[in-house]
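Peer 1: Sequence:
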Amino acid sequence: MRSLTVVISGFDPYEGVEANPALIVPDTLAAEGVPSLGGDDPLHDVQLDIHAVHMPVSFGKAWPVLADTLAGVHPDIVIATGLKSNARGILLERCAVNAKDTTRPDADNVVPRRAFVSDSGPAAYWTGLPLRAILNAFAHDDIPASLSSDAGVFVCNALFYRLQAWAAAQERAMTGFVNLPAVNDEPHPAFGLTLDQQVVALRDVVRESAHYFLAPASGDILLAREEKARA
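With the working numbering applied, the sequence shown covers -9 to 221.
These aren't lab readings, by the way, just hints derived from the structure by calculation.
These figures come from a predicted structure and were not determined experimentally.
Any given hint could turn out to be false.
Unchecked claim - List time: in silico DMTMM-like cross-link candidates among lysine to aspartate or glutamate, alpha-carbon distance up to 20 Å:
1) K51 with D98
2) K51 with E5
3) K51 with D2
4) K51 with E22
5) K51 with D96
6) K51 with D109
Claimed, not checked - Simulated restraints, written as ranges between beta carbons of each label pair:
7) V100 with A207: 35 to 45 Å
8) G50 with A158: 13 to 23 Å
9) A105 with H130: 35 to 45 Å
10) S110 with P54: 15 to 25 Å
11) S110 with S26: 40 to 50 Å
12) V55 with S(-7): 20 to 30 Å
Just so you know, even glycine gets a beta-carbon here, dropped at the ideal spot from N, CA and C.
Kindly produce the complete structure, drawing on both the sequences and the hints.
Peer 2: Written as structure tokens, this is what we have:
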């Protein structure tokens, strides 16, 4: 049986957020796994070893925590998650930019203005996730989702940039960033998704990433054009 190691990262509790999906959903997948869909599912004979890691919402401390985990488990796939509390659904981040520029302090009360994530790095990195395949899976499962041009200029983006720089130095590793919306159990909410929907969504991300890792196909990739799943 083939084995793939998957790391899913999330952040520690955010101030004022009662239920943080970027903490709960990675833990849920690490505990419960991503079951095969059966039938002709290409993952029916693949074991997915999933590890969850939590990081502080800190420019200086988030990446070292994740980097220690990556060095320890040598993953094939890394999916970083964050919280976008005003989003309607799942946001698939396409690009990590080499910028830190915020008026909001992080957990260490750091407020970087007009700074680079890396003084010697490129202006941006593209995601390595198969966005088209993931959006198709979301549509099948009726998960509201859209593409996001970048992950902003706060801690999420800085972590995403460091992660993509790490991936570029590996022989083979698939990495990317997904922003989750607020947990909202109200029927037909203006924003947010139920926790169950978010677990299904992240399982779709893991499953489609694993499919692509094992058998890359150009039709699974989507970077340049703005498209939406059901919203």
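Peer 1: If a hint holds in the structure, say so; if it doesn't, say that too.
Peer 2: A quick look at each hint next to the structure:
The hinted pair formed by K51 and D98 meets the criterion: a straight-line CA distance of about 9 Å does not exceed 20 Å. The hinted pair formed by K51 and E5 meets the criterion: a straight-line CA distance of about 17 Å does not exceed 20 Å. Distance restraint check for K51 and D2: the Cα-Cα separation of roughly 12 Å lies within the 20 Å cut-off, and the hinted pair is therefore satisfied. The straight-line distance between the Cα atoms of K51 and E22 is roughly 28 Å, outside the 20 Å bound, and the hint therefore fails.
Between the alpha carbons of K51 and D96 the distance comes to roughly 10 Å, so the proposed pair stays at or under 20 Å and holds. Restraint check: the Cα-Cα separation between K51 and D109 comes to about 18 Å, which is no more than 20 Å; the hinted pair holds. One distance hint, 35 to 45 Å for the beta-carbon pair V100 and A207, holds here, with the actual separation near 42 Å. Range check, G50 to A158: Cβ separation about 22 Å, and the 13 to 23 Å hint holds.
Between A105 and H130 the beta carbon distance is about 41 Å. The supplied range of 35 to 45 Å therefore holds. For the hinted restraint 15 to 25 Å between S110 and P54, the CB-CB distance of approximately 18 Å keeps it satisfied. Separated by about 43 Å at the C-beta atoms, S110 and S26 satisfy the suggested range of 40 to 50 Å. Between V55 and S(-7) the CB atoms are about 24 Å apart, so this pair conforms to the stated range of 20 to 30 Å.
Of the hints listed earlier, the one the structure fails to meet is number 4.
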